[in-house]
Amino acid sequence: MSGASPSVARLRDDVMGGRCTPSDSVHAAIARANAVGAGRAGLNIFASFDHDAAREQGKAVREQLNEAEPGLMVGVPVVLKDNIATLSLPTTCASRILAGYVSPYEATVTRKLREAGAIILGKTNMDEFAMGSSTEHSAYGPTLNPLAPDRVPGGSSGGSAAAVAAGIVPVALGSDTGGSVRQPASFCGIVGVKPTFGRVSRFGLVAYASSLDQVGVLGATVDDAARGLECVSGHDWLDSTSTELAVPEFHCAAQASMAGLVVGRPKEYFPTSLDPRIRAHCDRALDRMRALGAEIRDVSLPHTELAVPAYYIIAPAEASSNLARFDGVRYGLRVAGHGLQGMYENTRSAGFGPEVTRRILLGTYVLSAGYYDAYYRKAQQVRTLIAGDFSKVFASGVHVLFTPTAPSTAFRLGEISDPYEMYMSDIFTVTANLAGVPAMSIPIGRIDGLPVGGQLMAGHFDEMTMFRSAYALEAALGAEALA
Amino acid sequence: MPIAIDDVRHIAALARLAISDERAAATMGELNTILSHMDALSAVDTAGVEAAIGVGARGTPVRADSGPPIPLAIGFDAFAPSYRDGFLLVPRLASHESTESE
Numbered sequence: 046m047s048g049a050s051p052s053v054a055r056l057r058d059d060v061m062g063g064r065c066t067p068s069d070s071v072h073a074a075i076a077r078a079n080a081v082g083a084g085r086a087g088l089n090i091f092a093s094f095d096h097d098a099a100r101e102q103g104k105a106v107r108e109q110l111n112e113a114e115p116g117l118m119v120g121v122p123v124v125l126k127d128n129i130a131t132l133s134l135p136t137t138c139a140s141r142i143l144a145g146y147v148s149p150y151e152a153t154v155t156r157k158l159r160e161a162g163a164i165i166l167g168k169t170n171m172d173e174f175a176m177g178s179s180t181e182h183s184a185y186g187p188t189l190n191p192l193a194p195d196r197v198p199g200g201s202s203g204g205s206a207a208a209v210a211a212g213i214v215p216v217a218l219g220s221d222t223g224g225s226v227r228q229p230a231s232f233c234g235i236v237g238v239k240p241t242f243g244r245v246s247r248f249g250l251v252a253y254a255s256s257l258d259q260v261g262v263l264g265a266t267v268d269d270a271a272r273g274l275e276c277v278s279g280h281d282w283l284d285s286t287s288t289e290l291a292v293p294e295f296h297c298a299a300q301a302s303m304a305g306l307v308v309g310r311p312k313e314y315f316p317t318s319l320d321p322r323i324r325a326h327c328d329r330a331l332d333r334m335r336a337l338g339a340e341i342r343d344v345s346l347p348h349t350e351l352a353v354p355a356y357y358i359i360a361p362a363e364a365s366s367n368l369a370r371f372d373g374v375r376y377g378l379r380v381a382g383h384g385l386q387g388m389y390e391n392t393r394s395a396g397f398g399p400e401v402t403r404r405i406l407l408g409t410y411v412l413s414a415g416y417y418d419a420y421y422r423k424a425q426q427v428r429t430l431i432a433g434d435f436s437k438v439f440a441s442g443v444h445v446l447f448t449p450t451a452p453s454t455a456f457r458l459g460e461i462s463d464p465y466e467m468y469m470s471d472i473f474t475v476t477a478n479l480a481g482v483p484a485m486s487i488p489i490g491r492i493d494g495l496p497v498g499g500q501l502m503a504g505h506f507d508e509m510t511m512f513r514s515a516y517a518l519e520a521a522l523g524a525e526a527l528a
Numbered sequence: 310m311p312i313a314i315d316d317v318r319h320i321a322a323l324a325r326l327a328i329s330d331e332r333a334a335a336t337m338g339e340l341n342t343i344l345s346h347m348d349a350l351s352a353v354d355t356a357g358v359e360a361a362i363g364v365g366a367r368g369t370p371v372r373a374d375s376g377p378p379i380p381l382a383i384g385f386d387a388f389a390p391s392y393r394d395g396f397l398l399v400p401r402l403a404s405h406e407s408t409e410s411e
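Chains as they are written, first to last, in the working numbering: chain D, 46 to 528; chain S, 310 to 411.
What the hints contain is simulated information worked out from the structure, not anything from laboratory work. Honestly, I wouldn't trust all of these hints.
Away from chain D, derived, C-beta distances all over 10 Å, residues of chain S [what the hints assert, rightly or not]:
1) Asp330
2) Ala334
3) Ile343
4) Gly363
5) Phe388
6) Asp394
7) Phe396
8) Leu398
Result set (SDA-like, lysine to any residue): computed pairs, CA atoms no more than 25 Å apart in a straight line [as the list claims (entries may be wrong)]:
9) D:Lys104 / S:Gly357
10) D:Lys312 / S:Thr355
11) D:Lys312 / S:Ala349
12) D:Lys437 / S:Ile383
13) D:Lys312 / D:Val147
14) D:Lys437 / S:Ala349
15) D:Lys104 / S:Ala382
16) D:Lys437 / S:Pro380
17) D:Lys312 / S:Pro380
18) D:Lys437 / S:Val358
19) D:Lys437 / S:Leu350
20) D:Lys437 / S:Glu359
21) D:Lys437 / S:Ala333
22) D:Lys312 / D:Glu289
23) D:Lys312 / S:Ala382
24) D:Lys312 / S:Asn341
25) D:Lys312 / D:Met467
26) D:Lys437 / S:His319
27) D:Lys437 / D:Gly523
28) D:Lys437 / S:Val353
29) D:Lys312 / S:His346
30) D:Lys104 / S:His346
31) D:Lys312 / S:Ile383
32) D:Lys437 / S:Ser345
33) D:Lys437 / D:Ala524
34) D:Lys104 / D:Val147
35) D:Lys312 / S:Leu350
36) D:Lys312 / D:Arg55
37) D:Lys312 / D:Glu350
38) D:Lys104 / S:Ala356
39) D:Lys437 / S:Thr355
40) D:Lys312 / S:Ser351
None of the values given here were measured: they were computed from a predicted structure. Quick reminder that beta carbons are idealized off the backbone N, C-alpha and C, glycines included.
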């Protein structure tokens, strides 16, 4: 897209080299947002923004330039999904129940970005509480795909993906519970990374399904995403699930080749029903990796077909518990009712949209007495089997897996109304969340002008091999990724 | 076993959600459709398979129940309309009876 943001590396170099100021960077990003019509009446990318505050941040970043080790993101404008806590802007999760809510603390990832010199331009639209695959389930209305405004950007991090695809910022944060970073990256023709469970602190990320949620990064290129992830990764005392492992320099993976890597092609991700045009793009990508010296090996992840049913039991179950806190007492909206129970019920019914309500009810049902073993416990056991599939494949010598990211390109707004049909959009992405492994989507081609994403997955905490493959594939495909 | 309309009302009450009769009927259909797909799980032999409670590759590290406080940008007293003697005072519900002591 013309007039796109410079890359993370370029922006930092320009600011460090005195060729532009952080304020220039902010002004340019705001101008790009205005030029593409990012506002409510246009692409509807933002849940909230404060351009004056962004300009002030730009001025403050100037002081970091004199530090001995300036941050990785000096002068880089970024946007955050509206479920990531910020002090300067509301954190509403695109829900009426949190309308106007401003967190009294900021997420660790927000703090890390600020301390690295990034400038937070705004918060982005999303499916309410990250429950959705199209960014149509938002109290702010749907976000439009910048490449095809009659189509969805994917979800639930659709606003963040659209901000990067529209060229407003080179990198954005989202969250990925079942594919909510990778699927919109695929639909918008950009890069989306879900790190290993535990790689990035979730302190300040509003919980949807705690055993699956991860903060993810969307970037215009593999390098933008690698630098963004490097910035926000690492142990955090405030999130006991974050790992104490050292954070590799992910952007250094650009130096390595694919020679000697074994790329697994899991047959369950290439069913006979797969769109032949998506299959053809995947085959081309696999050919390019083979030409780079990788061995392509057919493998099996036999429990894949059970992933969507297991995911849509576990995630709603956890959501029904996590969202119990939104009761009209502690946060946001309060609607009067008869007695305490009446107030709870009126508040929650008025505050939650239909998809969130549906998932809370589903989650409550599968956790209720008499159904717990048949649904929730069974799904947890199947999750063990799915995670075991990945462990066996990686133990067999496979370094990365390659699959399509989504079974389709971006669909039209309003095209999918059946909830389960929408859930099936996540068929190729939920497995990585269930197994906790890192996964990312990169553009591998287009169908009728609409982007197609290819997904790379690696073993736990082996993001370096995943990035190594992604850098190499991105370079090998070159302009083919746009054709 | 399909969900009945009374099941929907029951789980809505558990979830503290008000639901109209019309909405309950629609929800019953939606949940039954979704759960029909979940029935694929029942055919899987999971005898002896441990139930996963998470996927932390190295587990969730156990640590002492101490550490730095959450870095709040505002004090506790700013969390509620009123703050007294270390307690947050929240708005009274209209349906609550007043007491002599107050």
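A quick look at each hint next to the structure:
no.	hint	verdict
1	Asp330	14 Å, holds
2	Ala334	13 Å, holds
3	Ile343	5 Å, violated
4	Gly363	4 Å, violated
5	Phe388	7 Å, violated
6	Asp394	20 Å, holds
7	Phe396	14 Å, holds
8	Leu398	12 Å, holds
9	D:Lys104 / S:Gly357	60 Å, violated
10	D:Lys312 / S:Thr355	23 Å, holds
11	D:Lys312 / S:Ala349	20 Å, holds
12	D:Lys437 / S:Ile383	49 Å, violated
13	D:Lys312 / D:Val147	46 Å, violated
14	D:Lys437 / S:Ala349	23 Å, holds
15	D:Lys104 / S:Ala382	21 Å, holds
16	D:Lys437 / S:Pro380	42 Å, violated
17	D:Lys312 / S:Pro380	48 Å, violated
18	D:Lys437 / S:Val358	16 Å, holds
19	D:Lys437 / S:Leu350	21 Å, holds
20	D:Lys437 / S:Glu359	17 Å, holds
21	D:Lys437 / S:Ala333	44 Å, violated
22	D:Lys312 / D:Glu289	35 Å, violated
23	D:Lys312 / S:Ala382	51 Å, violated
24	D:Lys312 / S:Asn341	31 Å, violated
25	D:Lys312 / D:Met467	23 Å, holds
26	D:Lys437 / S:His319	42 Å, violated
27	D:Lys437 / D:Gly523	33 Å, violated
28	D:Lys437 / S:Val353	19 Å, holds
29	D:Lys312 / S:His346	22 Å, holds
30	D:Lys104 / S:His346	54 Å, violated
31	D:Lys312 / S:Ile383	53 Å, violated
32	D:Lys437 / S:Ser345	30 Å, violated
33	D:Lys437 / D:Ala524	35 Å, violated
34	D:Lys104 / D:Val147	23 Å, holds
35	D:Lys312 / S:Leu350	21 Å, holds
36	D:Lys312 / D:Arg55	40 Å, violated
37	D:Lys312 / D:Glu350	11 Å, holds
38	D:Lys104 / S:Ala356	62 Å, violated
39	D:Lys437 / S:Thr355	18 Å, holds
40	D:Lys312 / S:Ser351	23 Å, holds
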